[in-house]
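Letter by letter, the chains look like this.
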Amino acid sequence: MIQGTWIIQRGGVGMVALLTALERTYAAIILVFVICVGVAMAVAGRGDLMAAHGWIVALFGMVVMAVLLRGIDAPEPWEERFREYYDDPTKVGIILALIWGVIGMFVGVWVAALLAWPDLTFDAAWASFGRLRPVHTSGVIFGFGGNALIATSFHVLQRTTRARLPDQLSPWFVLIGYNLFCVLAATGYLMGLTQSKEYAEPEWYADLWLVIVWVVYFLIYIRTLARRREPHIYVANWYYMAFILVVAILHIVNNLAVPVSIGHAKSYSLFSGVQDAMTQWWYGHNAVAFFLTAGFLGMLYYYLPKRAGRPIYSYRMSIISFWGITFMYMWAGSHHLHYTALPHWVQTLGMVFSLVLLVPSWASAGNALLTLNGAWHKVRDDAVLRFMMLAAIFYGIATFEGSFMAIRAVNSLSHYTDWTVGHVHAGALGWVAMITFGSLYALVPWMWKRPALYSARLVELHFWLALAGTVVYVFAMWNSGITQGLMWRTYDQNGTLAYSFIDTLVAMHPYYIARTVGGLLFLAGAVVAFYNIWMTISRPAPVDEGAAADLPVEPPAPRAWAQAGE
Amino acid sequence: MSFDHDTVTGFAKSFGLFYLIAMSIGVIVYAYWPANRKQFDHAAHSIISDDEDRPCP
Numbered sequence: 000m001i002q003g004t005w006i007i008q009r010g011g012v013g014m015v016a017l018l019t020a021l022e023r024t025y026a027a028i029i030l031v032f033v034i035c036v037g038v039a040m041a042v043a044g045r046g047d048l049m050a051a052h053g054w055i056v057a058l059f060g061m062v063v064m065a066v067l068l069r070g071i072d073a074p075e076p077w078e079e080r081f082r083e084y085y086d087d088p089t090k091v092g093i094i095l096a097l098i099w100g101v102i103g104m105f106v107g108v109w110v111a112a113l114l115a116w117p118d119l120t121f122d123a124a125w126a127s128f129g130r131l132r133p134v135h136t137s138g139v140i141f142g143f144g145g146n147a148l149i150a151t152s153f154h155v156l157q158r159t160t161r162a163r164l165p166d167q168l169s170p171w172f173v174l175i176g177y178n179l180f181c182v183l184a185a186t187g188y189l190m191g192l193t194q195s196k197e198y199a200e201p202e203w204y205a206d207l208w209l210v211i212v213w214v215v216y217f218l219i220y221i222r223t224l225a226r227r228r229e230p231h232i233y234v235a236n237w238y239y240m241a242f243i244l245v246v247a248i249l250h251i252v253n254n255l256a257v258p259v260s261i262g263h264a265k266s267y268s269l270f271s272g273v274q275d276a277m278t279q280w281w282y283g284h285n286a287v288a289f290f291l292t293a294g295f296l297g298m299l300y301y302y303l304p305k306r307a308g309r310p311i312y313s314y315r316m317s318i319i320s321f322w323g324i325t326f327m328y329m330w331a332g333s334h335h336l337h338y339t340a341l342p343h344w345v346q347t348l349g350m351v352f353s354l355v356l357l358v359p360s361w362a363s364a365g366n367a368l369l370t371l372n373g374a375w376h377k378v379r380d381d382a383v384l385r386f387m388m389l390a391a392i393f394y395g396i397a398t399f400e401g402s403f404m405a406i407r408a409v410n411s412l413s414h415y416t417d418w419t420v421g422h423v424h425a426g427a428l429g430w431v432a433m434i435t436f437g438s439l440y441a442l443v444p445w446m447w448k449r450p451a452l453y454s455a456r457l458v459e460l461h462f463w464l465a466l467a468g469t470v471v472y473v474f475a476m477w478n479s480g481i482t483q484g485l486m487w488r489t490y491d492q493n494g495t496l497a498y499s500f501i502d503t504l505v506a507m508h509p510y511y512i513a514r515t516v517g518g519l520l521f522l523a524g525a526v527v528a529f530y531n532i533w534m535t536i537s538r539p540a541p542v543d544e545g546a547a548a549d550l551p552v553e554p555p556a557p558r559a560w561a562q563a564g565e
Numbered sequence: 000m001s002f003d004h005d006t007v008t009g010f011a012k013s014f015g016l017f018y019l020i021a022m023s024i025g026v027i028v029y030a031y032w033p034a035n036r037k038q039f040d041h042a043a044h045s046i047i048s049d050d051e052d053r054p055c056p
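Residue numbers (numbering that gives the first Met the number 0), protein chains in the order written: chain A, 0 to 565; chain B, 0 to 56.
Zero decoy hints are in this set.
Here are the in silico distance ranges between beta carbons for each label pair:
1. F2(B) - A43(A): 35 to 43 Å
2. T8(B) - W533(A): 53 to 61 Å
3. D40(B) - L58(A): 48 to 56 Å
4. F14(B) - F403(A): 28 to 36 Å
5. F10(B) - W533(A): 53 to 61 Å
6. A43(A) - T6(B): 38 to 46 Å
What the hints contain is simulated information worked out from the structure, not anything from laboratory work.
Ideal placement from N, C-alpha and C gives every residue a C-beta, glycine not left out.
Please build the complete structure, drawing on both the sequences and the hints.
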């Protein structure tokens with residue numbers, strides 16, 4: 000009976016009760032340590048913004064401790080649980096991803112509106128564009144994307160290796176610790192804390208914390224793979240591992256910095272000048288490659304074949320494109336520094352590798368679409384699968400555009416303009432968010448043992464909101480960016496610039512409004528997704544045998560399992 | 000050997016070229032090695048089978 004209530008009651012207490020007494024003790028020790036570090040930061044950093052972060056760390060630790068203490072006296076979990084995969088961190092990760100997604104996209108719409116109507120800062124320093132914009136970028140990339148990657152990676156890893164996660168504490172350490180990093184990042188930006196490195200804004204102590212979290216994440220992967228029951232490691236895991244390993248390398252190298260003192264948030268990069276710029280864009284472009292591409296390709300290679308019920312079109316092609324993507328992306332970052340002090344040959348190197356990258360990128364996109372070839376009726380009827388198909392299409396479009404924009408001559412028009420912003424969002428909205436929503440929609444009913452999502456019509460609505468929002472956004476930015484780029488390079492008969500900077504702003508204003516509308520549509524879709532998934536979870540599990548037989552992945556487990564314990 | 004610009008450039012343009020070519024050949028050989036075909040097919044099909052919602056004992 001006790002087990003039965005655990006299955007129904009999947010709240011914080013239920014999740015804590017699944018931890019062994021030893022794991023609960025270790026969790027408490029880690030949390031006490033985190034709280035102490037937070038207080039120490041607050042004391043050492045008094046008079047500095049670091050103190051505020053110290054209190055946030057301590058408070059965060061206390062909140063998690065409160066959840067832990069509510070279930071700390073629960074009886075030892077039954078050995079039977081080892082017959083099941085460990086999915087609690089995945090469930091929490093899905094919910095956190097959706098919360099971060101709505102917050103991050105809301106702030107995105109806000110900063111888009113700020114560009115059209117600058118008065119929306121309300122004269123508050125924290126609401127200025129420079130502070131809100133990284134809240135948007137980190138919120139959607141790390142908060143939404145990162146949590147979705149962690150959640151899905153634990154799911155895919157266990158299913159493809161047919162092995163349970165090695166322990167039940169380290170996945171929580173990774174998930175909760177990672178979210179502490181995200182909280183420190185977002186709150187820091189609002190206070191004005193930044194390293195001024197794009198996608199690497201958090202200061203040194205947050206960076207150090209992320210290194211610890213990330214190493215544990217990688218160890219979970221290695222330890223589970225060591226326990227695997229499948230001889231071959233499925234290709235999705237290779238992508239997830241490349242994502243974890245390379246992000247660790249990038250993060251450590253780009254954030255090598257010396258703090259002013261142990262009690263100050265401010266730090267100075269180990270690099271300077273063009274070396275600093277090259278390191279930053281080696282990091283920045285590979286963040287796109289390994290965070291926003293490799294990890295999400297891992298999702299694509301598992302959830303798309305799974306949802307379509309068809310094996311990947313060419314497994315060989317997936318291997319070849321894996322090695323192509325991992326080894327070629329490494330050298331493409333310098334295309335962000337065309338026409339700068341960076342040596343010319345390094346710029347050319349980045350350009351050439353960016354062009355060659357089109358081959359493995361299109362191999363992946365084509366592989367995904369060819370997998371669907373022959374199952375188009377499923378794509379027509381199933382909006383979840385359609386999300387994944389659209390993601391593959393946008394992946395193809397965005398990688399083509401990226402290779403094109405990396406050509407030096409094209410870059411002379413596109414660089415520093417809104418075209419870049421449009422390109423990023425074709426990838427971020429069209430590829431990353433679409434594959435994420437598609438995967439989460441597929442995953443939620445499996446995780447919570449529901450026969451289907453709460454509403455297929457709401458998925459349909461979300462699909463069209465997301466597609467319309469992306470198209471409006473990207474077209475607005477193409478127009479705006481090319482207009483801007485052409486105005487910057489127009490000379491009059493006397494050889495002077497024909498347009499002032501203000502002239503370009505006036506010309507871009509209508510596109511900024513259109514972009515805000517596009518973003519708003521996409522945000523509305525994300526809110527619909529959140530509502531739909533929340534209703535799916537909170538709806539009671541089916542008791543009808545007939546309905547249970549319709550489950551996408553048959554879970555006769557809970558029933559049999561509950562009886563076994565009695 | 001000094002660690003100057005020319006050294007780095009020379010290294011990148013020689014070693015960098017050949018290791019990428021060697022790796023590309025290696026990957027293609029691995030992907031098309033006949034003996035690997037079976038395990039690749041098995042891996043591709045295994046994820047869509049329905050009996051995977053439980054770890055192996």
